[in-house]
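First to last, the sequence lines map onto chains S and P.
The first sequence lines up with residues 455 to 640 when you count with our numbering.
The second sequence lines up with residues 2 to 718 when you count with our numbering.
A hint or two may mislead.
To be verified - No farther apart than 25 Å at their CA atoms in a straight line, the calculated lysine-lysine pairs in the PhoX-like style are these:
1) S:Lys494 / P:Lys185
2) P:Lys501 / P:Lys596
3) P:Lys45 / S:Lys457
4) S:Lys526 / P:Lys447
5) S:Lys496 / P:Lys188
6) P:Lys197 / P:Lys103
To be verified - Across the chosen pairs, the derived CB separations fall in these ranges:
7) S:Cys480 / P:Lys129: 38 to 46 Å
8) P:Glu193 / S:Asn458: 44 to 52 Å
9) P:Thr626 / S:Met455: 32 to 40 Å
10) P:Asn39 / S:Lys526: 54 to 62 Å
11) P:Leu199 / S:Asp490: 23 to 31 Å
12) P:Lys596 / S:Asn458: 25 to 33 Å
13) S:Ser519 / P:Glu193: 34 to 42 Å
14) P:Pro65 / S:Asn599: 24 to 32 Å
15) S:Asp511 / P:Glu128: 46 to 54 Å
16) P:Glu200 / S:Ser512: 30 to 38 Å
17) S:Met455 / P:Gln578: 47 to 55 Å
18) S:Asp490 / P:Glu128: 44 to 52 Å
19) P:Asp573 / S:Met455: 49 to 57 Å
20) S:Asp515 / P:Glu104: 56 to 64 Å
Hint data in this document are derived by calculation from the structure and do not stem from the laboratory.
Computed from a predicted structure; not experimentally measured.
Note that the Cβ used here is the ideal one computed from N, Cα and C, for glycine as well.
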Amino acid sequence: MGKNNLIQLMKEKAAGVGTIVHEISCVSEAIKYAVDLNRKKKLKILTCPGLDQKDRDSLQDLCKSSGMNLLKEPLRNHAYLIDTSLTWVDYGIAETGSLMLASDSEDIRMATMLAKIHVAMLPIAKIRLNTEQIEAELDEILKNNSPSYTAFITGPSRTADIERVLAIGVHGPVELHLLLIKEMKS
Amino acid sequence: MIKTAQDMKSYKKQIQQALADSFLRSALDEFNTVYRENRPNVYKDIDFNSLRDAIAENKDSLIPFLEILFEEFKSNAQKAGAIVHRARDARQANEIIARIAKENKVKKIIKSKSMTAEETFLNTHLEKQGFIVTETDLGEWIIQLKKEGPSHMVMPAIHLSRYQVGELFEKQTDLKFDSENIDKLVKVARHELRPKFLEADMGISGANFAIADSGTLGLVTNEGNMRLTTTLPRVHVALVGFDKLLADLGSALRILKLLPRNATGQAITSYVTWIKGANQSLNTLSGKKIMHVVFLDNGRLSLSKDSVFSTSLRCIRCGACANVCPIYSKVGGHKYGHVYIGAIGLILTLFFHGKDNDRAIVKNCINCQACKEVCPVAIDLPHLIKKTYARVIKEDGKTPVKNLILSKLMKNRKLFHFALRAAYLAQQPLSRGKSMIRHLPFFMDKNHGFRSLPVIAKTPLRDIWQSLGPELKNPSLKIALFAGCAIDFIYPGQGEDLLKLMKKANIQVDFPMDQTCCGLPAMMSAQEKTAKELAIQNIQAFEAKPYDYILTLCASCASHLTHNYKKIFKEDKESGQKIKLFTDKIIDFSSFMDKVYTFPQTHENIETKVSYHAPCHLCRGLHVTNEPRALIQKAGYTYVPAKDEEVCCGFGGSYSIDFPEISSEILKKKLDNVEASGADILVTDCPGCVMQLSGGMDKRQSPIKVIHLVELLAQKK
Ligand code: SF4
Ligand code: SF4
């Protein structure tokens, strides 16, 4: 499958399960996106575990100037507070619109499980067609003798436990945003 | 708590209650329809059958080695800091988990959904020990508040309406809710349960996969509560059945392609999580979680060595066998299983929860094959249900009298046929010369009055056969008729019509006189020995001449002769070839007319509208679906499709006598659908279905005629 078709499929399938997808050009755009989104939703508190210092600093600055709060890790101490989390994800699985995220770090887990909104950044080059195509990478993680916690995330949290009516955002994030970043190399 | 009926009398009472619950009835009926209608769409991108077979084969190759896989899992998981236990039975599993809790000074426990924990009644055990346990899966939380067991393996609270849920939540929170708004109810759970996650000392989960070569657990979920359960508390305990062990990641990923699709119609669930070892936790001194995995045997290891039942360990708990079951859709979860629900529940209950809990429910299967068709791991569920029934009877040490009489009678063909002839005489005062009995005599249970009963023919087909002049001079083909009891003794006219058709095409039909009942009723009442004896009698009866085909007008006979005869003689290597010679020749009427007879296309257009009922044993048993519909049209009739054509009519032989209250409900829906189609005639190709459907139509005094396809085709000049 050609690169463009793969991106197209990823977008289609992710949108199909309720993920809000955008293509953007760089990380600073993602940072702006997260803050804008937070503002639009009248939310205040962000987290960004796993981002490198430079990006974290620019998010911090933007938060400050926008009257928002960027939480410091460990997040366990502020578990009730998280509104929006901005994190990287490791791979995209186009066939199902899923994101693979190595979440060995507790902070990454807290951020992506407790937030109302999860904004995930994925370099376009890391989109794979299906689970077969990430099997080797995942297996390598699992066969390593150290502990690991790896997630496939597909859309926001959902349930149909009452009268089989679909409801979004039962325990995990109510919204999942996927920002596909063009310029990054894999 | 769970109260499964242990005898038929109390089971019948429960069934009546379930049938009277209007929310349950409409919810499950609708679910059954929606699930079936969505299926083609869910599977449009992938090949269900080949994936299913690959998974089944893979699972079968692992089942004999579960203990080896366990050791491998253990060694790999322990390298990453997990502690792995094995529990012989439910009690031991619960004790291990309670001990872990005590050792770690746990007070509050949260749980994500685990059928295995339901199986061991873990909550009850932990609560007795003084722990506070909160279920966090929405459905599980609801039934915990309601103090009930799950009514479905995937949707545990499917039996409750939003209003009932609202009431429960109001009691729990002392707040008022607008129960109409399901979104709001869901948010109540989010709001109420968040603090519980944060306060808990220990989280208990199940797992969908235990991958041996890396020591990883795989969990497939939607709500996000499992992720919180396995992350927030200090301690994580996973309770996992031995049957969840897989060799490698590839096997798990393959199952992952079918499990969510089959369970909830999703290509993948919101979360699939791979957990290995003791992950980081900033809640402990060591910085690592306290991670335990408890493997539950509880009969699984002995099942893995059982030549008949080992395939039941393939089950991946998708719940689909309940979704499509016509009985489940009528009586619902709690009456269709003990802890495990649906077809697989009727089987596993015996092994996990004992014969007393299975005694009544295991009888409640009409053998419609719907579950088998959707099972993503190709378990022959209807067959195993009957095998389970036989085992319950054996363990109980007493065969129900009804089954015994049936068995005795059938074994002796002459006696059996004598009894059928005697029945003709006994019916005379009731039928008053008509072909059906509409009003039952006062001494019969009124539940049976939902359909008119057919009358036994005055002269069975076998007695008039020679007088019909079946011999032809130079026939193009020689076939034999396997009549089956219904054609022989109730509808000999259908046999006459067949002969008429065949003569037209210069096909000679023989009626071997030593043939007897196919044996399906014996199998249904778990009389395996009798079923085998009847099979031998029939095979011998047809051995005399080298027929090109053995044709039958009865879909149930056809399917039984084709599939079950092989199963009956599975162990018996010597007769293998002989059986195959016999079963290979069996052909159902529609296939014969379409493929061998090549029934000609007429050019006239008959305005009479004909609707079709697909017998379970034809459409699912033999996968014959297009032929009968094509034949109706070739004969020039206007075929009008009805809704749910392939859903069971509710007959099921003795099922409709054992469970008339359910049979009549299934029949009612069927007839409503046919009436809505605007048909003048309802055609089917099984005399059993004709009996049920025409009995029902007659009772409601509907003008729609019900006939066998052979009658429709024979009407042509
Ligand atoms: S065979 Fe039919 S009635 Fe029996 S369990 Fe399966 S679906 Fe239900
Ligand atoms: S028996 Fe088959 S259909 Fe039923 S739950 Fe198990 S896997 Fe699903």
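*Out of the numbered hints, which ones does the structure contradict?*
4, 7, 10, 12, 20
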